[in-house]
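As given, the protein sequences belong to chains A, B and C, one line each in that order.
The opening residue of the first sequence carries number 1 in the working numbering; numbering runs sequentially from there.
The opening residue of the second sequence carries number 1 in the working numbering; numbering runs sequentially from there.
The opening residue of the third sequence carries number 1 in the working numbering; numbering runs sequentially from there.
These are calculated hints, taken from the structure and not from any lab test.
None of the hints are false.
Ranges between beta-carbon positions, derived for each pair:
(1) B:N26 x C:S225: 39 to 45 angstroms
(2) B:R5 x A:D259: 46 to 52 angstroms
(3) C:Q695 x B:P122: 49 to 55 angstroms
(4) C:L322 x A:V130: 49 to 55 angstroms
Here are some chain C residues pointing at chain A (derived, C-beta under 7 angstroms):
(5) S560
(6) E564
(7) Q565
(8) L567
(9) A568
(10) A571
(11) N572
(12) R574
(13) A575
(14) A577
(15) A578
To list a few chain C residues with every Cβ distance to chain B over 10 angstroms, as calculated:
(16) A179
(17) L382
(18) R498
Even glycine gets a Cβ: it sits at the ideal position worked out from N, Cα and C.
Below are the chains, spelled out letter by letter.
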Amino acid sequence: MSWFVLIKRSDLLCVWRLAMSDAVLATVGLKVRFGGLVAVDDVSLECRRGRLTGLIGPNGAGKTTFIDAVTGFLPNNSKGSVLLEGEEVFGCSPHRLSHYGLTRTWQTLELFDDVTVRSNLDIASRRLTVGSALLDYFRPRQRAERVDEVLELLNLGDIAERQPRELSQGQRKLVGVGRALVAESSNILLLDEPAAGLDKAETEWFGAQLRCLVDQGYTMLVVDHDMGLVLNVCDFIHMLVFGQLTASGTPDVMRNNADVIAAYLGHSGTG
Amino acid sequence: MTGERLLTIECLHAGYDGVAVVRNLNLHVDSGEVVALIGPNGAGKTTTLMTVSGMVQIMSGSVTVMDRLVPRLRQAHRAARWGVSHVPENRGLLFQLTVRENLLLAKTRGRVNIDRAMDFFPALVPLIGRRAGLLSGGEQQMLALARAIVAEPKLLMVDEMSLGLAPVIYEELMPVVRRIADDAGAGVLLVEQHVDLALEVSDRGYVLNHGDLVMQGDASEMLADRAVLDASYLGAKSLED
Amino acid sequence: MIARLSLAERVGAVGLAALALAWIAGALLNRETFFDPVLFGLGSGAIIAALAIGLVVAFRASGVINFGHGAVATYVTYVYVSLVSDGRYPVPPLPNPLAPIEGIAGIEIFDFPTFINMGDSMPRIPALLIALATAAALGLVAHFAIFRPLRYAPVLAKVIASLGIMLFLQAAVVLRFGARAKAAEPIFPNEPVEIFGARVGQDRLWILGTVAVITAGLWLLFRYSRFGIATRAGAENERFATLLGFNADFAAGVNWVMASVLAGLVGILVSPITGVTPNFFTVLLISSLGAALLGRMSSFVIAAVAGFMLGIVDQQLFRLELEWDWIPDIGIRRALPFVVIALAMVIRGESLPSRGALTVERLPDAHSPRITRGRVIAYGVLIAGAFWLTVFAPFQYRNGMQNSMIGIILALSLVVVTGYVGQISLMQMALAGVSAFAVASFVNQAEMTLLVAVPLAVASGVGFGLIAAIPSLRTRGASLAIVTLASGLAIAEIFFARPGWFGLDRGIKTAGTPAIFGVEFGPNSKFFLGDGKVPTGGYGVFLLFVVAACCISVMRLRRSRLGEQMLAVRANERAAAAAGVNVAAIKLSAFAISSFLAALGGTLIAFDLGTFGGDSFGIFASLTLLAFAYLGGISTVGGAITAGTLFSEGIGIVVTNEWFIDVGPYTAYVAGFFLIATAVYNNEGIDGFQRKQVQQLGARLNRLWRLRAPTKADA
Ligand SMILES: Nc1ncnc2c1ncn2[C@@H]1O[C@H](COP(=O)(O)OP(=O)(O)OP(=O)(O)O)[C@@H](O)[C@H]1O
Ligand SMILES: Nc1ncnc2c1ncn2[C@@H]1O[C@H](COP(=O)(O)OP(=O)(O)O)[C@@H](O)[C@H]1O
Ligand SMILES: [Mg+2]
Ligand SMILES: [Mg+2]
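Please take these sequences and the hints and turn them into a complete structure.
Here it is in structure tokens:
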């Protein structure tokens with residue numbers, strides 16, 4: 001079977017359009033199945049350069065699964081196509097994708113629990129090849145400035161020498177974000193509920209930091225249930241419901257969209 | 001409105017490796033009331049709850065649950081048998097067990113009313129046979145809450161109740177918490193980042209900041225006086241700046 | 001269902017079905033070759049199955065691979081035999097609690113009743129009950145004295161403790177009942193019956209039925225009863241179960257008793273068929289581990305069925321080896337099942353753990369001290385002391401030092417792969433063996449110079465290690481531990497026992513004396529320092545250089561980026577992959593480095609011993625190595641050094657023997673006891689324990705200091 005039979009015509013159009021646009025990351029017809037359950041159903045969306053894209057949806061809608069699939073953690077369950085800077089990267093292994101600049105955080109923290117916060121960042125800060133590993137082994141490495149910068153940026157300086165299991169939930173979340181931020185060649189960041197566990201003031205501060213990073217040129221996709229954060233800092237928002245992309249728009253549009261209110265926001269969510 | 005005293009914390013100092021992260025805390029919860037324990041991230045809220053269920057050693061002071069001193073770590077399972085239900089911050093689910101099996105563990109003996117859990121969280125119905133480890137974050141949170149509710153506790157402690165829940169869900173959840181206190185006469189100690197929502201359903205509130213109790217009082221008064229509340233919240237941080 | 005299987009799984013299933021069909025056809029055509037072995041295999045199959053479900057009980061109850069399980073079976077069987085044959089009940093588990101002291105001191109302190117007489121010979125049923133009660137008591141003691149104190153300890157500490165139980169009970173059996181084989185009175189009738197024309201002892205069918213019933217019972221218990229569910233909960237996360245009000249401790253106790261009684265029952269039921277020797281069940285335990293592994297250490301039914309299959313396949317292969325000459329005689333019969341199991345694990349495994357997989361097991365801190373001037377001086381003093389001991393001390397100390405230094409290198413190999421990357425490897429001694437045999441062959445048969453032979457031998461060790469490491473890319477945790485155990489077994493069975501580059505010639509192997517450019521530096525060669533008695537200091541000095549180099553290299557590894565990434569893999573494979581760590585490459589490089597160290601240790605052993613056989617490199621050697629390495633401290637170089645001193649016939653033992661006591665025939669017994677005690681009291685290894693003590697002292701001083709200057713500390 002040749003490849004063009006596999007791709008729907010609308011998708012083909014989509015690919016062409018994407019090639020023209022400035023999407024850093026785009027998915028086309030991404031689908032994830034777990035046995036009988038379709039967790040992500042034909043999702044095509046894009047994250048444009050220098051924008052903060054939000055992804056919202058009720059619990060179990062498939063947001064985390066979407067991120068898992070994009071970052072290569074579900075090779076046996078997913079199909080479709082993922083374009084990073086216009087290149088097909090679907091099927092690449094997670095570490096390879098990270099080298100290409102696709103970095104993520106985890107809803108479930110997944111920190112390196114038995115090393116310090118600084119080492120958590122250190123590990124992610126530079127990619128290791130056979131050559132660099134040997135070089136580093138025989139000639140002790142320099143301190144990574146990038147790591148200090150990020151620690152500073154996220155206010156983690158005080159706890160840099162502590163171990164993650166000794167921190168409170170919010171602090172751990174920030175360490176996760178820091179770990180994604182330090183990557184050498186980050187093209188796009190996928191943040192999965194980065195603000196969970198932060199208090200209101202901290203969430204605001206965190207939103208401002210995100211905005212600031214985006215204005216410096218970062219591209220991000222943020223999943224969060226804190227509407228204060230999502231509606232205030234995102235440029236564009238998509239909503240997933242039962243695995244399907246049901247609504248997209250700017251924050252103002254989404255805030256008043258009846259579907260979004262019914263499926264997700266409820267009454268006070270906008271507040 | 002309030003009834004018997006369920007939880008009394010007096011002059012509590014608790015922490016890790018000899019360093020107190022909660023200092024001189026006084027707090028109580030009576031039956032039939034909802035008490036919000038709020039405060040910035042890292043304030044010591046989780047530590048407080050862990051002390052009540054016997055998982056963190058008390059350094060000084062006393063914690064009394066239903067007129068009994070809190071058990072030491074060795075006998076920590078007794079606290080649950082006295083009627084304390086604690087939803088920890090990391091949810092305390094057994095990932096290798098299915099949703100149903102997790103719910104069955106709500107009580108150590110007697111029948112567990114699984115249907116009741118499903119009434120509270122209809123979203124769990126199709127997930128009943130799935131391994132808890134496979135659930136999404138929010139689904140896990142629902143399961144943890146459902147398990148705590150069907151345990152029919154006298155004292156319910158929920159850490160970060162809305163963590164990872166979609167707005168529609170936690171909005172509906174707050175009245176549920178109120179109902180547990182009103183109908184079943186349970187005492188509820190709630191840790192929550194959505195201050196307004198939490199205080200709306202609470203009778204009283206305590207604000208913890210950097211391990212110190214910086215404010216306490218009637219929930220409605222605290223809500224009315226937002227400026228004071230925010231100041232107490234920022235307390236230590238504004239000092240730093 | 002079918003749709004969910006991956007391609008490899010489908011190929012495997014089709015292959016199995018084809019084999020089954022071929023076998024049925026064979027059985028119809030030639031009953032004697034293809035059907036009789038099945039009936040004969042039922043006996044050993046039943047033991048393997050029953051031990052396997054006991055292992056699953058222990059694993060479900062506390063996440064432990066219980067190496068002591070077989071020893072419990074043996075001990076209880078001997079109790080039963082003693083009761084039935086001469087009506088004497090041996091007071092458990094000691095021959096006499098004072099015996100070690102008496103034996104060492106050479107005096108009779110007190111006449112302890114080691115046997116209780118209960119008439120001439122006891123009927124079978126009461127004897128069975130008393131023996132099972134003993135088993136229950138053993139289970140209780142194991143729980144209260146060992147596993148309860150270890151409940152928050154890393155799982156590996158518990159595994160080490162179970163190894164201690166194995167050594168201890170086995171030694172107790174030998175001391176008390178002698179090493180001779182014994183047969184027990186059968187409980188079940190054993191008149192033969194005829195099935196499809198083949199005659200088979202009836203008891204086998206009874207045992208088959210018993211195992212089936214027990215399996216079904218356990219399945220129901222763990223699946224549906226709240227007790228069973230709570231037990232699983234407690235094994236997964238004791239704290240969470242406690243928060244829900246379950247006394248995980250109690251459940252674990254009940255399960256230990258259950259596992260122990262089950263072990264005893266198996267022993268008593270099957271020993272009439274097979275006879276029993278002190279290590280009979282422990283050897284079979286390896287097969288049972290394979291069966292339990294196929295059931296992912298959690299399915300009773302799969303474990304039981306797989307156990308029976310292993311017994312049957314073994315008999316079938318035995319028969320075929322006899323009848324078909326073209327089957328090469330290279331230990332296939334013992335190795336093949338494990339290779340198949342390892343393959344099955346690889347096929348079913350995943351390259352990264354999936355969502356909600358069990359969290360990786362916690363290991364002791366991989367502490368890396370900053371190099372300060374004080375430390376450098378301390379190391380210098382250490383090396384100088386070691387130098388003095390290897391060259392000038394009396395010969396037994398020199399010998400101890402040599403053994404210890406080799407032990408350090410072997411322990412370092414585990415520090416890298418288990419301590420840093422978290423992959424439990426139970427094949428290290430097999431890798432050491434490969435290179436030991438290889439270097440002997442290269443030097444003596446191929447007459448290569450040492451400068452070529454040693455690198456080649458070490459390279460072969462690394463090669464074997466890398467091949468055996470492939471399963472680690474798709475399995476982890478306890479499964480990987482068992483797969484590596486199987487690999488070690490396969491290497492030993494296929495290569496060591498028969499002639500070849502990696503095997504014996506005429507029952508032994510000789511490496512001779514190491515020499516470069518005609519300068520000999522073996523343990524028997526002349527050396528210009530010291531008293532000139534064997535072992536001379538030359539080999540020791542050489543070892544000292546090698547050990548120092550290895551220690552420094554591993555320390556640097558820990559502090560390098562590669563080491564950091566290794567720790568990341570150990571902590572969380574998924575997160576490591578997302579952070580750009582190539583998990584597979586890291587694992588393989590760790591296995592390569594570790595095999596290198598193990599292989600290096602192997603060549604050193606070869607020259608140290610001069611002449612050796614295969615037992616130095618068997619699976620029990622690997623298990624013991626892991627135990628010592630863990631007790632020393634599995635994740636630090638300091639721990640490896642500590643482990644080296646503890647090593648069998650190492651300097652620590654020599655010093656104990658010389659200065660304090662000589663335990664003589666009680667060595668294994670005392671070693672088992674101390675293994676358990678050390679595991680219980682230093683559950684993160686001696687090295688970590690000491691560091692913690694120092695830290696606590698520091699914290700206490702710090703607090704005192706703070707009390708005096710409170711204003712500064714709290715700001
Ligand atoms: N490996 C798996 N096997 C079976 N079902 C799975 C698996 N992984 C996820 N699911 C299911 O897929 C659905 C989507 O999960 P996902 O984690 O993507 O939700 P989410 O949108 O991130 O929700 P939340 O906001 O609660 O985190 C859930 O119902 C979950 O139970
Ligand atoms: N296991 C631990 N060991 C040492 N310190 C800890 C541990 N757990 C929490 N802490 C510290 O205690 C403080 C309070 O934490 P926590 O009770 O989790 O805060 P909260 O729940 O209010 O966000 C934090 O500063 C945190 O770093
Ligand atoms: Mg999610
Ligand atoms: Mg908390």
